[in-house]
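> Using the sequences plus the hints, can you model the full thing?
2 protein chains.
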Amino acid sequence: MSNENRTEISALGEFGLIQHLTDHILLTNKTSVKGVGDDAAILKAPENETIVVTTDMLVEGVHFDLSYAPLKHLGYKSVIANLSDVCAMNAVPHQILVGLAISNRFSLEAVDELYAGMLLACNHYGVDLVGGDTTSSRSGLVISITAIGYEAEEKLVTRSGARENDLLVVTGDLGGAYMGLQVLEREKSVFQAAPNAQPVLEGYDYVLERQLKPEARRDLHGLLNALDVKPTSMIDISDGLASEIKHLAECSTVGFDLYEEKIPVSPKTIEAAKEFNLDHVTCALNGGEDYELLFTIKPADYEKIKGNPSLTVIGHATADSMGCRLITRLGETIMLKAQGWNSFHQDNY
Amino acid sequence: MSNENRTEISALGEFGLIQHLTDHILLTNKTSVKGVGDDAAILKAPENETIVVTTDMLVEGVHFDLSYAPLKHLGYKSVIANLSDVCAMNAVPHQILVGLAISNRFSLEAVDELYAGMLLACNHYGVDLVGGDTTSSRSGLVISITAIGYEAEEKLVTRSGARENDLLVVTGDLGGAYMGLQVLEREKSVFQAAPNAQPVLEGYDYVLERQLKPEARRDLHGLLNALDVKPTSMIDISDGLASEIKHLAECSTVGFDLYEEKIPVSPKTIEAAKEFNLDHVTCALNGGEDYELLFTIKPADYEKIKGNPSLTVIGHATADSMGCRLITRLGETIMLKAQGWNSFHQDNY
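As you go down the protein sequences, you meet chains A and B in turn.
Counting from 1, one number per residue, gives the positions in the first sequence under this note's numbering.
Counting from 1, one number per residue, gives the positions in the second sequence under this note's numbering.
Calculated directly from the structure, the hints in this document are not laboratory data.
You may find that some hints are simply not true.
Claimed, not checked - Computed beta-carbon distance windows for the label pairs:
1) Gly61(B) <-> Gln19(A): 22 to 32 Å
2) Pro199(B) <-> His24(A): 45 to 55 Å
3) Gly61(B) <-> His24(A): 28 to 38 Å
4) Gln192(B) <-> Asp320(A): 50 to 60 Å
Bear in mind the structure is a predicted one, so any value in this text is a computation, not a measurement.
Ideal placement from N, C-alpha and C gives every residue a C-beta, glycine not left out.
Spelled out as structure tokens, the structure:
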């Protein structure tokens, strides 16, 4: 952003900034009674529905790197990550609240970009931004989002309902977001070595979009309703398939057999992985940030979901004592390791 | 904290830390269906009640200074600040979600202290900690709390219902938290000049407690119910009386006359202010962090509240065109200025 268009946030102050960011926000859901502008937002759950609520914190230098994540994309993605958690309960997201801590390194125009991305995601998913807090920070940018959704209690799906022989199903394809990150990291190091070099991003559209502008599987809720299938357990894939399978196993007290050949990976992801000398299955297992949904269904429901292009059966639940196992293409059986992302192991990023 | 008792957070990892912090949490409210441990918490609003939800972000070096704010107190206060917002809607707080970004400067023992303070506040206010997120940070500590409460929609009070001639009422007394901060700042500068000096904190218990361990006026909800009074507007005093009066005025499109002689200030606060050569009324007007509630009532309700030791009538609503005015002890009328706390004016702290 050029300095000519730079407005200092301190020129508006905290109240001025909040007003500037939220002035034009319209509420679209009947469940949003009152949005920003009071001590709290007022919401009304749909009749006979329960509330699900989740919160996530994204920290500059830990969860994102502004040298290659455009602020608008970052805003979009930070909302998606939270909506995905609501979808993973089989609920429908209706509202978000946004907390921002911003250092004076950021101009008003930069914050506008971030907010534009958040509001774009809200618009795309029919979600209202109903509240938040905006404050200064002594160092980097911190984004905290709380998402709220609703569904009848008996329709909600937790992580703990999987039973032996249930089928393990995943939406979409995996590993793309991780490969997108590899491409961005490579271009960043090229840029650091030669600041005049142009980034080579052509041909990587799919994996870059998976990394920079992921989507939440809000569609699964309607699809499952239409198919008359209620998952027995569900979780979203934020840290990597292996890590999430182990979460389901632990919460449901079962084991899982996962078939390597069944793991859905896009040809674009496979191509990028080859170029980086990476095993695409490893990327799918441990990459994270795909925001697909992983769930289990009763074996009897297989007929209802088979052939659906969005859904892939990748394994089944076994006895707890069997643990989580990967059955390789060669028929070998190896114990599944979760190397999922952990912000406290800072060398991961 | 001595190094002997220092456990690195990275030894537990993100999941291990969350489990360690939340393992022993019990849910006490019927509205808390499922707490931590899934993609989202599941809540159920009491029959015929609406939901209020608010979020706040506290940033090290901006909102708190760990050189004099003990972590347990900080945890307590960060919860209180959010519960106070729920109370300001005339709702009853039931749940919180906690987001923490922690640098590796903090040991597990330090995070335990912070969490202990939060859980103490939860326990004291009958609130359940139902979810959260814990991540690493590259620099300071950031605390993000979301609080959720409930009340019938017709009982909720916003900032916008004050009408001309309504009485302006405040709970408790004001300015104490600000004077507590002055005492702590003084001792900090003494310590910086002479690190072996013992802090002189005796005799300042009241103002220190107001600063370090404030309480939310959860009691007002029951008191107003018992008195059969519904405020016409309400706000909590986090930024200072003057700033909050101006918020009520703006949201309700009225003016206010505020009587200096009526502003409740504790003798302990007056004494401390004198010592610091500060005007105690200025402290009450602009100090902030008192977490008292400021509200308006219909003139007809005066008889119901008069004589209650927790409530003080400090002024009344006037026509919008009159603005917000302070009537001094000498009978002068001056326009009220809000110098409330603004995190983007960093020289304020």
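> Would you mind marking each hint as holding or not holding in the structure?
Hints versus structure:
1. Gly61(B) <-> Gln19(A): 22 to 32 Å: 25 Å, holds
2. Pro199(B) <-> His24(A): 45 to 55 Å: 49 Å, holds
3. Gly61(B) <-> His24(A): 28 to 38 Å: The hint (28 to 38 Å, Cβ to Cβ) holds, given that Gly61(B) and His24(A) are roughly 32 Å apart.
4. Gln192(B) <-> Asp320(A): 50 to 60 Å: Taking Cβ atoms as reference, Gln192(B) and Asp320(A) lie about 57 Å apart, which means the hint holds.
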